[in-house]
Amino acid sequence: MKNRNKPRLQDPIERGKNFNEVSLGFDEETAILEANRCIQCKKPFCMEGCPVSVNIPGFILQLRTKNFDEASKILKETNMLPAVCGRVCPQETQCESKCILGRKGESVAIGSLERFIGDYAIKNAKPKEIKNVAKGKVAIVGSGPAGLTCAADCRANGLDVTIFESLHEPGGVLTYGIPEFRLPINIVKSEIQSLKEIGVDIELNVVIGKTIFIEELLEEYDAIFLGSGAGLPIFLEMEGENLPGVYSANEYLTRVNLMGAYKKDSATPLVKGKVVAVVGAGNVAMDSARTALRLGAEKVMIVYRRSRKEMPARHEEIEHAEEEGIEFILLTNPVKILGKSHVEGMEVVKMDLGEEDEKGRRRPIPIEGSNYFIECDQVIMALGASPNPLIVNSCPELKTGRNGVLIVDENLETSIKNVFAGGDATSGSATVIQAMGAGRRAAKSIVERLKSK
Amino acid sequence: MKKYEILKKNKLYDNVHEYEIYAPLVAKNARPGQFIILRVDKDGERIPFTICGYDKKRGTIKILVQTLGYSTLKLSLKEEGDALEDFVGPLGIPTDLTKYENILLIGGGIGIAVIYPQVSFLHSIGKKVDVIIGARTRELLMYDEPIAKASKNLYMMTDDGSYGEKGFVTAKLEELLKTKTYDVVMTVGPVMMMKAVCDITKKANIKTIISMNSIMVDGTGMCGCCRVTVDGKTKYACVDGPEFDGHKVDFLEQRERGAYYKEQEQEAYCKLRKTLHQDHYC
Ligand SMILES: Cc1cc2nc3c(=O)[nH]c(=O)nc-3n(C[C@H](O)[C@H](O)[C@H](O)COP(=O)(O)OP(=O)(O)OC[C@H]3O[C@@H](n4cnc5c(N)ncnc54)[C@H](O)[C@@H]3O)c2cc1C
Ligand SMILES: Cc1cc2nc3c(=O)[nH]c(=O)nc-3n(C[C@H](O)[C@H](O)[C@H](O)COP(=O)(O)OP(=O)(O)OC[C@H]3O[C@@H](n4cnc5c(N)ncnc54)[C@H](O)[C@@H]3O)c2cc1C
Ligand code: SF4
Ligand code: SF4
Ligand code: FES
Numbered sequence: 236m237k238n239r240n241k242p243r244l245q246d247p248i249e250r251g252k253n254f255n256e257v258s259l260g261f262d263e264e265t266a267i268l269e270a271n272r273c274i275q276c277k278k279p280f281c282m283e284g285c286p287v288s289v290n291i292p293g294f295i296l297q298l299r300t301k302n303f304d305e306a307s308k309i310l311k312e313t314n315m316l317p318a319v320c321g322r323v324c325p326q327e328t329q330c331e332s333k334c335i336l337g338r339k340g341e342s343v344a345i346g347s348l349e350r351f352i353g354d355y356a357i358k359n360a361k362p363k364e365i366k367n368v369a370k371g372k373v374a375i376v377g378s379g380p381a382g383l384t385c386a387a388d389c390r391a392n393g394l395d396v397t398i399f400e401s402l403h404e405p406g407g408v409l410t411y412g413i414p415e416f417r418l419p420i421n422i423v424k425s426e427i428q429s430l431k432e433i434g435v436d437i438e439l440n441v442v443i444g445k446t447i448f449i450e451e452l453l454e455e456y457d458a459i460f461l462g463s464g465a466g467l468p469i470f471l472e473m474e475g476e477n478l479p480g481v482y483s484a485n486e487y488l489t490r491v492n493l494m495g496a497y498k499k500d501s502a503t504p505l506v507k508g509k510v511v512a513v514v515g516a517g518n519v520a521m522d523s524a525r526t527a528l529r530l531g532a533e534k535v536m537i538v539y540r541r542s543r544k545e546m547p548a549r550h551e552e553i554e555h556a557e558e559e560g561i562e563f564i565l566l567t568n569p570v571k572i573l574g575k576s577h578v579e580g581m582e583v584v585k586m587d588l589g590e591e592d593e594k595g596r597r598r599p600i601p602i603e604g605s606n607y608f609i610e611c612d613q614v615i616m617a618l619g620a621s622p623n624p625l626i627v628n629s630c631p632e633l634k635t636g637r638n639g640v641l642i643v644d645e646n647l648e649t650s651i652k653n654v655f656a657g658g659d660a661t662s663g664s665a666t667v668i669q670a671m672g673a674g675r676r677a678a679k680s681i682v683e684r685l686k687s688k
Numbered sequence: 123m124k125k126y127e128i129l130k131k132n133k134l135y136d137n138v139h140e141y142e143i144y145a146p147l148v149a150k151n152a153r154p155g156q157f158i159i160l161r162v163d164k165d166g167e168r169i170p171f172t173i174c175g176y177d178k179k180r181g182t183i184k185i186l187v188q189t190l191g192y193s194t195l196k197l198s199l200k201e202e203g204d205a206l207e208d209f210v211g212p213l214g215i216p217t218d219l220t221k222y223e224n225i226l227l228i229g230g231g232i233g234i235a236v237i238y239p240q241v242s243f244l245h246s247i248g249k250k251v252d253v254i255i256g257a258r259t260r261e262l263l264m265y266d267e268p269i270a271k272a273s274k275n276l277y278m279m280t281d282d283g284s285y286g287e288k289g290f291v292t293a294k295l296e297e298l299l300k301t302k303t304y305d306v307v308m309t310v311g312p313v314m315m316m317k318a319v320c321d322i323t324k325k326a327n328i329k330t331i332i333s334m335n336s337i338m339v340d341g342t343g344m345c346g347c348c349r350v351t352v353d354g355k356t357k358y359a360c361v362d363g364p365e366f367d368g369h370k371v372d373f374l375e376q377r378e379r380g381a382y383y384k385e386q387e388q389e390a391y392c393k394l395r396k397t398l399h400q401d402h403y404c
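Order-wise, the sequence lines are chains A and B.
In this text, residue positions in the first sequence follow the working numbering: the first is 236, and each later residue adds one.
In this text, residue positions in the second sequence follow the working numbering: the first is 123, and each later residue adds one.
The set of hints was computed from the structure by calculation and includes no laboratory data.
You can take every hint at face value.
Here are the computed lysine to aspartate or glutamate pairs in the EDC-like style, where the Cα-Cα straight-line distance is at most 20 Å: (1) Lys164/B x Glu415/A; (2) Lys393/B x Asp500/A; (3) Lys133/B x Glu202/B; (4) Lys424/A x Glu207/B.
Listed next, the stretches of chain A that the computed footprint assigns to chain B, with coverage defined by at least 3 CB atoms under 8 Å from CB atoms of chain B: (5) 437 to 445; (6) 615 to 629.
Here a beta-carbon is modelled for each residue, glycine too, at the ideal position from N, C-alpha and C.
With the hints as constraints, model all of the structure from the sequences given.
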């Protein structure tokens, strides 16, 4: 069996100093070589690993015969943003983990192939066809992947769609969270542009629950979709956490990505740390650590309470972070942050792994007396996020469950009739493709509802 | 009318301007005590200002801005007819002082801009309150006339004695408390002034509400930049506030947090002033 083709990467030392994309992706020749590795299974297990069941052998077949338009069409049937998912999906736990080739050797590089076609599709985009299946007005709250997908599908079925976004730029986490070196903002922008071209209206600077209330939206719109994400940062509630120099990953990444603090003349300030400790080991933590490095930090550490095996980030990001020189301090948890008027260091304790919890992950247990001090001048808390309670606080009829997630039925309808929800708002922090899948399912329910009217 | 157009710009003092901005969606649900966040231009930072007045019919919001640094200087260069890049709100929890009878409001510096709409709102529902306003010098003591009209008693203090009485607002507060009592005190101004007021009212056992001017980014609870420790717990000024029980706020922590970007702010400010040929202060 031939080895898997690897995408070209920027040199690790060089890329640690710039914000350009790390992975340069496949060129056409390599893409076709890689596509030829796929054995076109009759029963493609890879599709079972994809949360939206992309027709993987289908698009790969078209790719290798250079029918890129057809390949794009197949991808877009289930995945509106292939250029994004190809870059950010955790393929090694989703599609690629199930690929038959992975059993004996290396799986097909489905993500890189998807990215190749996604990029082609952006350059050769044709406006989506609009069918008059349903009639009515839909308000979409939030312009992250869930909201964008729901908007596209509702519009394609003939509905009038307005997206309300609280920030001054659309895109949700794709815009304010995931950094340029992993997902160039122009890709997100061109996808949003294509939505505008089919007549989706995007109203920025509108906070639903403050500027406009849900009950007001219900007077004007036939259905609402809440794709407000999980934007509330989690802190450890430990001593010293409010010292200047302690950032939430959300704040740090928002200052850099959305507000452009990495550019020389940005109006939004950011203090550039010399020695930066990032707490956590998910994608958010890797993004923060690698951003700190690119902003000129001399030393960046990932501090994580479990072991390498449990790190939730995409493998590729962990590898890339390591190549770039990020240090991993594993089985270690912060106890308190120290400093007089700003961060001077962090007291940590070593951890052991105990028994497995419900999810099968071994529980970390502090080792008594193993505390020690890590010197640093900045700490970034990347411990995940839960849904922001702002909308619910303004509309208590919306029922919520554990950690504030919105409760929905099998059609993704909330406890209020004609108000649907999906994405991180109903699942807690998850993935881009799951949010998109939810946006699509909700759109289906909305179209169904407004068809029968 | 353009979105976020400056319909009126009033120069109150050398470095204080009042703007009336066209933002009908914000005006529709605005209430006293809430704030907005704006961006002056495309690369601008997001900066918060208290809503000083609103006109639901005209669809406008009034804000009062003291030129302090880079972004407020940029804003001061905008004129009537210009439009701001972004303008979002109303944010934060509205104030409700209507349940109190004997109310004392204390504003210091630009904090007077926050006190003023409260005074006029309470006046409009038939409540007359006592007010102390204070500033470094006459130049900065704004809104004295309309506040005088809408309040029961107005006490004016300047550090240099150029107007009203010489001294700090706290001196006046201590003096008043010798003969009067209040159900509630609300104070807005520099962090250390609010702390000093709270130290006094705590001894006198008078409930005190403060308004926290934390540094903010999104203003919707997403970033945690505006963290304030209240009663040992972390709160977000943008969604849990901006008002808090002043006797429970960790003011010293706030002072440190507010100064984190000082160096960079100063640098950006000086650079902009140089390009505007106003660099004699840098
Ligand atoms: C730094 C970072 C890195 C990540 N990396 C990956 C990755 O590599 N791969 C992956 O699959 N996933 C990744 N994720 C997770 C992924 O981005 C999310 O699961 C996904 O974006 C969720 O989509 P969403 O549409 O539900 O919400 P979001 O993307 O969070 O969008 C919600 C939008 O709603 C807006 N909003 C919220 N409240 C209101 C309101 N009241 N009124 C109006 N608008 C509102 C918000 O401003 C936001 O724009 C990452 C997340 C972060 C933070
Ligand atoms: C809820 C809220 C309501 C506010 N209402 C008003 C208002 O009605 N009128 C008004 O003029 N200002 C108000 N402010 C303060 C205003 O947002 C800041 O003055 C402004 O952001 C300064 O921006 P700058 O770039 O011009 O100055 P910077 O260069 O950022 O700062 C200049 C100086 O001001 C200090 N400073 C910076 N940010 C703040 C802040 N958030 N609060 C206090 N001091 C700060 C800095 O430490 C520095 O010394 C409010 C702030 C908040 C959080
Ligand atoms: S959407 Fe994600 S999980 Fe599905 S096939 Fe594409 S890369 Fe794999
Ligand atoms: S499982 Fe692997 S080899 Fe089989 S169709 Fe899917 S990608 Fe191709
Ligand atoms: S300003 Fe971001 S959470 Fe308050």
